[in-house]
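Participant: Protein sequences appear in the order of chains A and B. Using the UniProt record's numbering, the first residue of the first sequence is number 1, and each one after it goes up by one. Using the UniProt record's numbering, the first residue of the second sequence is number 1, and each one after it goes up by one.
One or more hints might be untrue.
Stated by the list, open to error - Pair by pair, the computed Cβ-Cβ distance ranges are:
1) D581/B to D119/A: 38 to 44 Å
2) R755/B to R3/A: 56 to 62 Å
3) F202/B to D119/A: 49 to 55 Å
4) D119/A to D102/B: 32 to 38 Å
5) E559/B to S118/A: 36 to 42 Å
6) D467/B to S150/A: 54 to 60 Å
7) T30/A to D299/B: 49 to 55 Å
8) S150/A to D701/B: 37 to 43 Å
9) S118/A to R755/B: 35 to 41 Å
10) P114/B to S10/A: 49 to 55 Å
11) D120/A to T349/B: 47 to 53 Å
12) K222/B to S150/A: 27 to 33 Å
As the list claims (entries may be wrong) - Below, in silico cross-link-like pairs of lysine to aspartate or glutamate (DMTMM-like), each with a Cα-Cα straight-line distance of 20 Å or less:
13) K222/B to D90/A
14) K222/B to E64/A
15) K222/B to E74/A
16) K713/B to E121/A
17) K713/B to D90/A
18) K646/B to E121/A
It should be emphasised that the hints constitute simulated quantities derived from the structure, not laboratory data. Remember, predicted model here, so these are calculated numbers, not experimental data. In this text, a Cβ means the ideal position worked out from N, Cα and C, and glycines have one as well.
Given next are the chains, with one letter for each unit.
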Amino acid sequence: MTRLTVNGESMELDADPLMPLLWALRDVLTLPGTKYGCGIGLCGACTVHVDGKAERACLVRLSEVEGKSVTTIEGLDPNGDHRVQQAWRDLNVPQCGFCQSGQIMQAAALLAENPKPSDDEILASMAGNVCRCGCYQRIVEAVRLASTGS
Amino acid sequence: MLKYLETVDAPALSVIKPSRRGFLAGSAAFMLGVYATRGEAFPKWPTGGEQMPHGLRDDPLIFVSIDSDGTVTLVAHRSEMGTGSRTSLPMIMADEMEADWDRVKIVQAEGDEPKYGNQDTDGSRSLRHHIQAARKIGGSVRHMMQAAAAQEWGVDAGEVTVTNHAARHGDKMMDFGDLAEAAMALPVPTHEEIAYKSEDEFRYVGKGEVQIYDLHDITTGKAVYGADVSLPGMKYAVAVRPPVVGGKVVSFDASEALAMPGVVGVYELPHSIPPAKFAPLGGVAVVADTTWAALQARDQIKIEWDDGPHGDYSSGPFMEEMKATALDKGKVLRKQGDPDAAFANAARTFGQTYTQDHMAHIPMEPPVALANYTADGLEIWAPVQSPYAARTDTAAALGLDPEQVRVNVTLLGGGFGRKSKADYVTEAALLSREVGAPVRMQWTRDDDVRHCFYHTTSAERIEVALDDAGKVTGWRHNSVAPSILSTFAPDGGHQFMIENGMGHVDMPFAIPNVSVENGQAFAHTRIGWFRAVSNVPRAWAIGSFVGDLAAELGKDQREMWLELIGAPRQVDPAAEGYPEDFWNYGEVYDEFPIDTGRLAHVLNVAADAIGYGKALPEGEGIGLAVHRSFVSYVACAAHVKVVDGKITVPEMHMAIDCGFAANPERIRSQIEGATVMGMTVALHSSITFENGAPQQHNYNDYDVVRSDNFPGKVITHIVPHGFDTHATGVGEPGVPPVAPAIANGLFVATGQRKRALPFGETV
């Protein structure tokens, strides 16, 4: 039994404590916004916040989030209007959209820690999140927009 | 009316067996409509769409339903994998209809080509083929609204105007919702009866202001992809597949796997013998209560394999063999003038060989499918580019009638050609039948990289004959690459007309003596199509060769391109020795000719925009390339800068001529994305085989361009055209010119010439 908080809700999960958080979120809690992309922490599609920090859910065991607070894309903002989400829409970032949950969660964690990142800091922070459609230019612009308002 | 993915939480299987009577009635009604318009429809806009399987449908009664509250529901019948066609085609319908976009809902069609027309979403065809059918659908409804309002008010239809979701006459106004019942019961007008909008009357088309329909859902995690559909009692499957294509299981021991908690069962999948089209490879699948349980159990299965006939396929020797073959004369596909004499009489000749490794598509969403096999039939939820092929292939594999199979299409987390081949759907269906429960088959990234339908590997030899003045008098290009055809039919070792038509026989330069050849190479893995297909190696070879030749002759790169392209002309394929089966992307040639003026124009647009010719510091250079594919013209101007030994592209200008631009915003996004995929092709994408098996697994050894080194500041220039110029392909044609432009820029920057793809990130 793992006790944790997911999107503000306290819960006890009866699942293999070695199960990666990714599969617990998707298969046990039916929160499919967090995506499977590689399973080895190299694509960022499964990025969630654990106690506010960006983590790859495929690399975090359920036992490692005992007592911690997990936020997924579904819980980032009650109305889906986090400034990062708004910036993503303002700049028409997505193409297929599959990686965007992870991209948005990574960007939101970056801005929570560093509200005014430099361009280099944005590029470095987002480099772990792959977009095979190639939306990087708009992703970087959207992070900047969310950060500075322009 | 089908609701897009509204079956997700509470799957209703009532439509799993469509009523045959209803189907036939609908079909007959449709045929009447077609006879009224076929052949005459949009005389300025004939496309190859009619020749595609099941052709085009333009019946509003199939694509449009309107509720009494005025909500207009439009069917998107093409799969959405990131190009935006799920938004753009309904947007065109809505605009012609005078519907208010804010009151439009979009539902996704299930795989049913007899009903919706062709749904095979590849070949950069969605807008090119369906734009006019979308206009007909919208225009029909506008006229039906007009006629219904005229009846209601007792006035002539000609006096009623239809604008912004309502019919109007004097101070009278009726909303679409109030007119819907009467309007949709009226006869559907013929094409000739419809007064179409002129370009300046469009509110959405050509503007690029409509956002993609799924934008809010994507940014909030609510968008539904293949692995996001759940059914009560659903089980989770993963599989181990033969490491070598054509291999099979000799024996396996699943005792440890079966003893693990949560494991439902372990099943051998039927193996296929090439050519097997899209049939599953075979192997052993484990079904469990969670993905995690299935993955853990999979690791415990011990399998002895028979590798079959391709167990000695190794990329290194195979490439050497292809390069040697390319030096010889190949099967001649196009002969213009007297190339032998041109080379015999040349003052000098110059030749180079360009190669490319295999590539895997690796869409962000690996292959995945949910199948529910019951006594009533089979229902599928899956991200598929060709839902009707998925339906008929899976029906055949299970011995079902296609009428017993329903394929619901989710959003695709990328496709790039991989998801045209629905082996993963058939696997899920076989397992659901075996287990007696809904089964989600999840491919891991390793599975995806190691069991792809790979982009071919190639050696392209180009030689030219030159006269005393350094003018090119003869061209010989021998392309050697395993063919896609080998996936469908016994392998003859030669490419076929579709591959030959992708930048090979249609080489557009003004050279009097030409020999276009294809040397033999046999496939030893599954060859499939990857975004832009054979255009990638051909544009790479031809584009790099132009740079090579310019350097050899001491000419400027841009001048070299323009000299070879020559004066603006419409290529006469017969006069230039093209084969009789020349494939022009399925389009009638006279409607979509090769226009070298348009080719040169996009090159000049991109070159001028980047400031080609400006002085740059050492270690920097601008590379140019231009290529026609999918009947569009795209040029790339790449500013390459080597920083601490790393190849970077701080600025790139892309110019595209795709005829009439229905949704410029999504054209730009496709082209921006193509620069990233093109740079990945240039620097990273290599699948190599040893002993028959691919050596790469995941992003650790098959990486892509990331945000720390992507083409920065990509600016897309769209050549403006009115409705008198066909809309042409957008999804694919951005990719081919990117790698040669980067290589040409790198040469200017460093003097290093790359002739093998990929060439790595460092110099």
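Participant: Return holds or violated for the Cβ distance of D120/A and T349/B against the range 47 to 53 Å.
Facilitator: Since the Cβ atoms of D120/A and T349/B sit about 49 Å apart, the hinted range of 47 to 53 Å holds.
Participant: Assess, step by step, whether the Cα of K222/B is no farther than 20 Å from the Cα of E64/A, and give holds or violated.
Facilitator: violated, 27 Å
Participant: Would the hint linking K222/B and D90/A be met if the CA-CA limit is 20 Å?
Facilitator: holds, 18 Å
Participant: Just tell me: holds or violated, for the beta carbon distance of R755/B and R3/A against 56 to 62 Å?
Facilitator: holds, 59 Å
Participant: Is the hinted pair K713/B and D90/A satisfied, with a Cα-Cα distance of at most 20 Å?
Facilitator: Holds, because 18 Å separates the two Cα atoms, which is no more than 20 Å.
Participant: Is the gap between the beta carbons of S150/A and D701/B within 37 to 43 Å?
Facilitator: Holds: the Cβ-Cβ distance is about 40 Å, inside 37 to 43 Å.
Participant: Taking the beta carbons of K222/B and S150/A, is their distance inside 27 to 33 Å?
Facilitator: For K222/B and S150/A the Cβ distance comes to about 28 Å; the hint holds.
Participant: Given a hint of 54 to 60 Å, does the C-beta separation of D467/B and S150/A actually sit inside it?
Facilitator: With Cβ atoms ~58 Å apart, the hint holds.
Participant: Quick check: does the Cβ-Cβ distance between E559/B and S118/A fall within 36 to 42 Å?
Facilitator: holds, 41 Å
Participant: Range first: 49 to 55 Å. Now tell me if the beta carbons of F202/B and D119/A are that far apart.
Facilitator: violated, 38 Å
Participant: Between P114/B and S10/A, does the beta-carbon spacing fit 49 to 55 Å?
Facilitator: Once the Cβ atoms are compared, 52 Å apart, the range 49 to 55 Å for S10/A and P114/B holds.
Participant: Do the alpha carbons of K222/B and E74/A lie within 20 Å of each other, as the hint requires?
Facilitator: Holds: K222/B and E74/A sit about 8 Å apart, inside 20 Å.
Figure legend: structure checked against the earlier numbered hints; hints not met, in rising order: 1, 3, 7, 14.
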